[in-house]
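Chains as they are written, first to last, in this note's numbering: chain A, 40 to 341; chain B, 40 to 341; chain C, 3 to 267; chain D, 3 to 267.
If you're looking for bench data, these hints aren't it; they were derived computationally from the structure. The reader is advised that the hints may include incorrect statements.
Claimed, not checked - Far from chain C by the CB rule (all over 10 Å, computed), these chain D residues:
#1 CYS96
#2 GLU112
#3 ARG115
Stated by the list, open to error - Derived DEER-like restraints, expressed as beta-carbon distance ranges:
#4 PRO125/B to THR175/C: 56 to 64 Å
#5 VAL134/D to THR334/B: 48 to 56 Å
#6 GLU70/A to PRO205/D: 31 to 39 Å
#7 GLY66/D to GLU67/A: 47 to 55 Å
#8 ASP261/D to GLU67/A: 44 to 52 Å
#9 GLY318/B to THR263/D: 36 to 44 Å
Every residue, glycine too, gets a C-beta built ideally from N, C-alpha and C.
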Amino acid sequence: MNLSVDIGGLRLKNPVVTASGTFGYGVEYAEFLDLNQIGAITVKGLSPRPSKGNPPGRIWETPCGMLNSIGLQNIGIETFIREKLPELRKYDTKIIANFYGDTIEEYVEAAEALSAADGVHALEMNISCPNKQAGWIAFGVDPVLTEKVVAATRMATRLPLIVKLSPNVTSIADMAKAAVDGGADALSVINTITGMAIDIETRRPRLSNIVGGLSGPAIRPIAVRMVFQAARAVKVPIIGMGGIMTGADAVEFILAGASAVAVGTANFVNPAAPADVLGGIKQYMDRHSMDDINTMIAGVIC
Amino acid sequence: MNLSVDIGGLRLKNPVVTASGTFGYGVEYAEFLDLNQIGAITVKGLSPRPSKGNPPGRIWETPCGMLNSIGLQNIGIETFIREKLPELRKYDTKIIANFYGDTIEEYVEAAEALSAADGVHALEMNISCPNKQAGWIAFGVDPVLTEKVVAATRMATRLPLIVKLSPNVTSIADMAKAAVDGGADALSVINTITGMAIDIETRRPRLSNIVGGLSGPAIRPIAVRMVFQAARAVKVPIIGMGGIMTGADAVEFILAGASAVAVGTANFVNPAAPADVLGGIKQYMDRHSMDDINTMIAGVIC
Amino acid sequence: MNRLFSAEIIRNESVDDRHFILELSPGAAVADTLVGQFFMLKPGESIDPLLLRPFSLMGFTVPGATHPNGTLSFLIRAAGKGTNILKRLPVGTCLTVLGPLGQGFPPIEEGERLIVVAGGIGIASVLGLVKVYQDVPLFYGVRTKGHLLLSPGMLNAISAEIHIASDDGSIGTKGNILELLEAYVFQLRKSFGGNIKIYACGPHAMLRAMAEMSLDAETYISLETPMACGLGTCLGCAVKTAGGIQMVCKDGPVFNIKDITWDEA
Amino acid sequence: MNRLFSAEIIRNESVDDRHFILELSPGAAVADTLVGQFFMLKPGESIDPLLLRPFSLMGFTVPGATHPNGTLSFLIRAAGKGTNILKRLPVGTCLTVLGPLGQGFPPIEEGERLIVVAGGIGIASVLGLVKVYQDVPLFYGVRTKGHLLLSPGMLNAISAEIHIASDDGSIGTKGNILELLEAYVFQLRKSFGGNIKIYACGPHAMLRAMAEMSLDAETYISLETPMACGLGTCLGCAVKTAGGIQMVCKDGPVFNIKDITWDEA
Ligand SMILES: Cc1cc2nc3c(=O)[nH]c(=O)nc-3n(C[C@H](O)[C@H](O)[C@H](O)COP(=O)(O)OP(=O)(O)OC[C@H]3O[C@@H](n4cnc5c(N)ncnc54)[C@H](O)[C@@H]3O)c2cc1C
Ligand SMILES: Cc1cc2nc3c(=O)[nH]c(=O)nc-3n(C[C@H](O)[C@H](O)[C@H](O)COP(=O)(O)OP(=O)(O)OC[C@H]3O[C@@H](n4cnc5c(N)ncnc54)[C@H](O)[C@@H]3O)c2cc1C
Ligand SMILES: Cc1cc2nc3c(=O)[nH]c(=O)nc-3n(C[C@H](O)[C@H](O)[C@H](O)COP(=O)(O)O)c2cc1C
Ligand SMILES: Cc1cc2nc3c(=O)[nH]c(=O)nc-3n(C[C@H](O)[C@H](O)[C@H](O)COP(=O)(O)O)c2cc1C
Ligand code: FES
Ligand code: FES
Numbered sequence: 040m041n042l043s044v045d046i047g048g049l050r051l052k053n054p055v056v057t058a059s060g061t062f063g064y065g066v067e068y069a070e071f072l073d074l075n076q077i078g079a080i081t082v083k084g085l086s087p088r089p090s091k092g093n094p095p096g097r098i099w100e101t102p103c104g105m106l107n108s109i110g111l112q113n114i115g116i117e118t119f120i121r122e123k124l125p126e127l128r129k130y131d132t133k134i135i136a137n138f139y140g141d142t143i144e145e146y147v148e149a150a151e152a153l154s155a156a157d158g159v160h161a162l163e164m165n166i167s168c169p170n171k172q173a174g175w176i177a178f179g180v181d182p183v184l185t186e187k188v189v190a191a192t193r194m195a196t197r198l199p200l201i202v203k204l205s206p207n208v209t210s211i212a213d214m215a216k217a218a219v220d221g222g223a224d225a226l227s228v229i230n231t232i233t234g235m236a237i238d239i240e241t242r243r244p245r246l247s248n249i250v251g252g253l254s255g256p257a258i259r260p261i262a263v264r265m266v267f268q269a270a271r272a273v274k275v276p277i278i279g280m281g282g283i284m285t286g287a288d289a290v291e292f293i294l295a296g297a298s299a300v301a302v303g304t305a306n307f308v309n310p311a312a313p314a315d316v317l318g319g320i321k322q323y324m325d326r327h328s329m330d331d332i333n334t335m336i337a338g339v340i341c
Numbered sequence: 040m041n042l043s044v045d046i047g048g049l050r051l052k053n054p055v056v057t058a059s060g061t062f063g064y065g066v067e068y069a070e071f072l073d074l075n076q077i078g079a080i081t082v083k084g085l086s087p088r089p090s091k092g093n094p095p096g097r098i099w100e101t102p103c104g105m106l107n108s109i110g111l112q113n114i115g116i117e118t119f120i121r122e123k124l125p126e127l128r129k130y131d132t133k134i135i136a137n138f139y140g141d142t143i144e145e146y147v148e149a150a151e152a153l154s155a156a157d158g159v160h161a162l163e164m165n166i167s168c169p170n171k172q173a174g175w176i177a178f179g180v181d182p183v184l185t186e187k188v189v190a191a192t193r194m195a196t197r198l199p200l201i202v203k204l205s206p207n208v209t210s211i212a213d214m215a216k217a218a219v220d221g222g223a224d225a226l227s228v229i230n231t232i233t234g235m236a237i238d239i240e241t242r243r244p245r246l247s248n249i250v251g252g253l254s255g256p257a258i259r260p261i262a263v264r265m266v267f268q269a270a271r272a273v274k275v276p277i278i279g280m281g282g283i284m285t286g287a288d289a290v291e292f293i294l295a296g297a298s299a300v301a302v303g304t305a306n307f308v309n310p311a312a313p314a315d316v317l318g319g320i321k322q323y324m325d326r327h328s329m330d331d332i333n334t335m336i337a338g339v340i341c
Numbered sequence: 003m004n005r006l007f008s009a010e011i012i013r014n015e016s017v018d019d020r021h022f023i024l025e026l027s028p029g030a031a032v033a034d035t036l037v038g039q040f041f042m043l044k045p046g047e048s049i050d051p052l053l054l055r056p057f058s059l060m061g062f063t064v065p066g067a068t069h070p071n072g073t074l075s076f077l078i079r080a081a082g083k084g085t086n087i088l089k090r091l092p093v094g095t096c097l098t099v100l101g102p103l104g105q106g107f108p109p110i111e112e113g114e115r116l117i118v119v120a121g122g123i124g125i126a127s128v129l130g131l132v133k134v135y136q137d138v139p140l141f142y143g144v145r146t147k148g149h150l151l152l153s154p155g156m157l158n159a160i161s162a163e164i165h166i167a168s169d170d171g172s173i174g175t176k177g178n179i180l181e182l183l184e185a186y187v188f189q190l191r192k193s194f195g196g197n198i199k200i201y202a203c204g205p206h207a208m209l210r211a212m213a214e215m216s217l218d219a220e221t222y223i224s225l226e227t228p229m230a231c232g233l234g235t236c237l238g239c240a241v242k243t244a245g246g247i248q249m250v251c252k253d254g255p256v257f258n259i260k261d262i263t264w265d266e267a
Numbered sequence: 003m004n005r006l007f008s009a010e011i012i013r014n015e016s017v018d019d020r021h022f023i024l025e026l027s028p029g030a031a032v033a034d035t036l037v038g039q040f041f042m043l044k045p046g047e048s049i050d051p052l053l054l055r056p057f058s059l060m061g062f063t064v065p066g067a068t069h070p071n072g073t074l075s076f077l078i079r080a081a082g083k084g085t086n087i088l089k090r091l092p093v094g095t096c097l098t099v100l101g102p103l104g105q106g107f108p109p110i111e112e113g114e115r116l117i118v119v120a121g122g123i124g125i126a127s128v129l130g131l132v133k134v135y136q137d138v139p140l141f142y143g144v145r146t147k148g149h150l151l152l153s154p155g156m157l158n159a160i161s162a163e164i165h166i167a168s169d170d171g172s173i174g175t176k177g178n179i180l181e182l183l184e185a186y187v188f189q190l191r192k193s194f195g196g197n198i199k200i201y202a203c204g205p206h207a208m209l210r211a212m213a214e215m216s217l218d219a220e221t222y223i224s225l226e227t228p229m230a231c232g233l234g235t236c237l238g239c240a241v242k243t244a245g246g247i248q249m250v251c252k253d254g255p256v257f258n259i260k261d262i263t264w265d266e267a
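Kindly generate the complete structure, drawing on both the sequences and the hints.
Right under this line is the structure:
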């Protein structure tokens with residue numbers, strides 16, 4: 040059975056990767072599953088300098104989902120390279136470094152620093168986190184700015200460049216095109232959807248940041264739709280994500296047009312989720328006598 | 040206890056209304072609750088001429104939600120006025136006629152016809168149904184077109200005009216402003232979010248229309264956020280909706296900025312839901328010794 | 003008579019690995035129910051699964067001392083999320099129930115002959131017919147012996163004329179139940195000039211095959227589609243018919259087979 | 003020793019209307035657990051509620067013939083969706099469990115004196131301390147007699163020195179347990195020159211009040227925040243400390259009270 044897929048020059052042994060921010064720096068999960076067995080580990084979003092994130096009141100559960108406003112807390116690229124990467128290099132899997140900047144210059148700086156590191160196989164550029172304020176967010180929702188920031192970052196790295204799109208837009212197809220025009224080798228679809236919850240007893244928002252990003256099974260139908268639309272709009276491979284809990288969910292994304300899938304919130308419910316999702320995909324392929332996963336990509340009949 | 044609220048000139052005895060398309064033409068539910076006790080009945084979306092909607096494969100359940108692509112099947116305004124309205128006039132509640140057109144002219148035509156009818160108290164203009172194709176959808180996602188179609192319709196009626204916004208946009212605040220600039224007396228926030236589901240066994244979309252609208256508790260955090268953002272952007276009252284199942288959910292929307300709330304998908308799970316939601320709001324007000332619901336509107340502390 | 007009521011589970015019994023019988027004692031009087039009508043049950047109190055699930059009424063008992071509103075019983079296949087939750091609910095649990103809903107099978111008039119056809123779990127919708135009209139022939143097709151949902155003994159007790167076919171021949175005739183049916187109707191037609199009626203429920207493929215057969219009999223079938231409201235208001239359970247789109251929950255689930263447009267249904 | 007395992011419910015017993023004791027028999031060996039550490043339990047198999055719920059280990063039994071991996075017991079308040087589901091799960095149900103997680107209370111050294119303080123359901127986190135260190139004084143505050151989660155008899159069996167206060171005076175001293183505590187520490191300090199340690203768990207308001215008291219004792223408290231991963235990876239369970247943001251699930255839930263920044267925690 041061939042499970043290997045190509046994500047814009049990044050060859051994965053199988054299509055299951057972890058979603059940034061839901062799997063720490065990867066090594067924390069070695070206890071629960073064999074990290075060598077997953078396609079890639081995407082690490083928590085990194086910035087050139089450490090970031091302390093938002094004040095407490097960072098997560099809240101909602102129907103079949105959760106809101107988070109971590110605010111991109113991270114140890115910074117330097118510490119990541121020094122402390123985490125050597126650990127990660129021990130595993131026979133690909134490492135995708137998710138990163139962001141507050142300005143175009145920071146994006147470029149981050150991409151350069153990560154590209155120079157030994158053991159980073161691809162970059163995932165987050166232009167879409169709903170927890171950052173003001174101008175920043177425009178990178179993820181204004182196609183002109185998207186193309187600009189992607190193009191600048193593109194110049195700064197030879198690694199496969201994956202751009203992670205925001206679902207908080209009118210047209211995911213336009214955003215996908217802008218990212219590809221800017222030079223993206225692949226797309227990640229989707230990041231979290233902006234939501235809000237209020238404690239009716241205290242009248243205060245559940246999150247200190249007021250709004251946060253919705254993830255989990257609740258958003259899956261929206262994510263599948265966006266993967267489908269993005270896949271029809273551009274030719275580059277797509278990593279699909281949003282509420283994947285099982286192999287069947289993953290297959291739905293692949294049929295919709297994803298070449299790989301990322302497991303996110305599911306890791307909190309089951310720290311061995313990526314392995315279980317992979318197992319489910321294999322079972323499905325067995326049952327349908329498929330011997331190459333690539334024949335399934337975008338296989339929806341409509 | 041004062042529960043009465045004003046929705047752009049439409050005075051409701053209490054803030055609980057039904058969401059269009061989830062309560063038929065109202066009378067079907069007389070068996071399950073006292074229709075006199077709810078704030079208003081919003082009827083299924085009407086068009087100048089009857090519409091047969093989409094082929095079967097119209098609904099599918101998803102985690103804590105459902106997709107629908109009914110495609111706005113309806114009996115047409117004429118039949119509605121002749122057959123349903125006389126029945127509805129027997130109840131001491133307000134009737135909100137939800138409607139749509141395929142062109143600006145049809146919007147105007149619909150608004151005129153409904154305004155001339157005896158027993159319609161307000162119009163809710165649907166510019167946001169994700170089940171209609173092509174140009175139509177632009178009314179709900181392009182602020183320039185929104186303002187234009189609302190302004191034209193505004194000229195065609197003296198009834199309170201409620202514009203129902205699409206959540207499938209980058210900025211709900213901009214859409215809210217456009218609708219108000221066009222002349223909306225109030226806004227309904229939100230319609231369904233475009234989603235998709237695939238049957239992995241047959242590889243076919245679950246809906247004949249491929250995509251459909253996601254509703255139910257799954258979308259509640261997104262809806263609360265949009266009500267909050269819209270309420271901060273404009274001064275007109277807002278009818279909040281999206282996944283309201285209980286009184287507590289309704290209170291969350293009111294605190295976020297809604298002056299009234301609509302119960303939608305919940306009616307399918309519990310045909311007496313509007314009465315139960317109203318009961319829950321009253322209990323909350325009792326518990327917090329509130330004697331006027333208006334003091335609660337937009338009461339979130341942040 | 004409120005069609006929205008609460009009912010207590012008084013029996014939840016496995017028939018085999020996948021099927022179980024759920025018997026409910028309603029908390030309020032239930033309207034008279036025609037065979038072919040259905041009820042919607044809420045699987046537990048969670049909002050996932052969200053919607054009520056539709057099930058045909060398989061049987062009922064009349065009000066009595068222990069159950070002042072009688073009992074309702076359903077034969078259910080554990081097909082997915084909701085039915086698997088129902089399968090595990092302990093006796094004593096209270097469920098939200100909506101019904102009776104939809105149109106049942108039209109009553110059989112004097113001088114008409116009824117033949118009942120069931121495929122698999124479809125037996126649940128039509129079993130009541132065999133009980134009501136007594137000794138009508140029942141044609142029951144299953145994959146294999148293990149899938150027979152009622153024992154031959156039980157079946158024989160409700161009708162003198164039971165015809166069983168299984169795909170693998172492990173019980174009854176080997177092959178398709180529709181072949182037996184066709185032969186039977188052909189024979190019956192020779193001796194009986196009146197109106198022969200066939201009432202059927204089973205998998206989509208079986209019903210579709212019946213539509214393509216030229217049986218000289220008026221045929222009514224019970225259809226299944228996903229449902230939300232069960233009341234004809236959401237317009238979700240559409241089926242294409244000769245007369246345009248109809249709602250399975252309100253105009254059906256029983257339809258004259260002639261009226262169904264099969265290409266997309 | 004896998005921290006992700008399945009465990010069978012062997013006891014699910016009401017303490018009162020809102021509280022219950024859940025005892026589990028793990029399907030695999032469980033790592034040694036310090037008092038103050040916690041486990042996360044999955045409430046049923048549904049995806050709503052979605053996340054695991056954190057609970058302090060109240061007690062355990064060592065491996066034996068019936069339960070080869072010992073047992074774990076939790077005292078739980080039915081607070082919302084997840085805990086209400088747990089409350090109704092029948093004995094024999096298997097649950098997914100993750101743990102032990104976090105940092106427990108630091109071990110007591112020779113020559114130190116421990117005082118344990120609990121408010122309401124907080125008793126679950128600290129009860130183990132009273133068992134482990136034997137006859138340490140326990141200060142236990144409740145609203146009213148009915149809220150006492152363990153009978154006075156049970157409490158006396160585990161420590162000779164139980165101090166109870168209730169808001170309404172229906173059991174123990176009327177008033178705030180912290181007043182009793184304050185007086186006790188003041189007295190103890192007169193006779194004891196060594197390190198006095200107070201380990202506490204209870205409602206946020208109680209812990210905050212403790213932080214504002216000037217008790218001459220090193221105080222450790224167990225905090226609660228909503229959690230997703232329990233492993234320090236989601237960065238969701240943040241608390242503000244003197245040393246910056248820390249994670250309750252990994253750096254805590256036990257913290258030195260001095261380190262907590264209360265204005266926003
Ligand atoms: C009028 C009618 C009568 C029925 N009578 C019976 C009966 O007597 N016994 C019995 O076992 N089953 C019966 N069914 C089918 C039964 O309703 C479905 O098997 C059940 O809803 C599946 O729910 P689930 O949560 O287990 O499956 P899931 O796959 O988890 O359900 C997902 C969604 O799809 C819908 N769905 C899935 N399969 C079907 C289906 N075949 N028909 C309709 N909706 C479906 C569900 O309602 C739900 O909304 C009947 C269906 C209809 C419409
Ligand atoms: C380290 C730790 C130890 C705990 N030990 C115990 C214990 O021994 N006994 C006990 O009864 N309770 C304990 N709690 C609290 C318990 O976890 C919550 O009451 C429970 O998660 C509420 O879940 P729910 O689904 O019933 O409530 P819901 O309100 O439906 O939950 C909604 C969401 O909020 C979170 N949440 C709500 N209240 C709390 C809270 N107080 N603390 C943390 N998260 C919350 C839930 O995890 C969930 O994500 C502990 C909490 C923590 C963090
Ligand atoms: C707690 C949390 C933290 C996240 N942090 C990041 C991040 O740092 N960078 C990023 O690109 N996406 C981040 N995400 C988004 C996820 O990678 C993913 O796109 C999203 O959660 C949808 O997938 P899911 O529903 O499977 O979780 C985060 C999500 C969660 C829940
Ligand atoms: C089956 C169905 C049909 C609907 N039809 C209409 C409609 O005709 N016009 C309209 O404006 N909104 C329609 N809606 C949207 C609802 O009115 C409401 O905005 C949406 O479902 C969100 O609320 P909820 O989550 O409470 O259902 C429909 C929704 C559903 C589920
Ligand atoms: S299920 Fe709603 S119309 Fe039939
Ligand atoms: S719960 Fe995830 S970091 Fe603590």
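*Range hint 36 to 44 Å (beta carbons of GLY318/B and THR263/D) holds or violated*: Holds, since GLY318/B and THR263/D (Cβ atoms, about 42 Å apart) stay within the stated range.
*Is the gap between the beta carbons of GLU70/A and PRO205/D within 31 to 39 Å?*
Holds, since GLU70/A and PRO205/D (Cβ atoms, about 33 Å apart) stay within the stated range.
*Evaluate the given range 44 to 52 Å for the C-beta pair formed by ASP261/D and GLU67/A.*
violated, 23 Å
_Can you tell me whether the CB distance of PRO125/B to THR175/C sits inside 56 to 64 Å?_
holds, 58 Å
*Looking at GLU112/D again, its CB stays over 10 Å from all of chain C?*
holds, 52 Å
*Does the claim that CYS96/D lies off the interface hold, with its Cβ farther than 10 Å from every Cβ of chain C?*
holds, 12 Å
*With 10 Å as the threshold, tell me whether ARG115/D passes as away from chain C on beta-carbon distances.*
holds, 49 Å
*Consistency of beta-carbon spacing, GLU67/A to GLY66/D, with hint 47 to 55 Å*: At roughly 33 Å between Cβ atoms, GLU67/A and GLY66/D fall outside 47 to 55 Å, so the hint is violated.
_Cβ separation of VAL134/D and THR334/B, checked against the hinted range 48 to 56 Å_ = Since the Cβ atoms of VAL134/D and THR334/B sit about 52 Å apart, the hinted range of 48 to 56 Å holds.
Violated hints for the displayed structure, listed by number in ascending order: 7 and 8.
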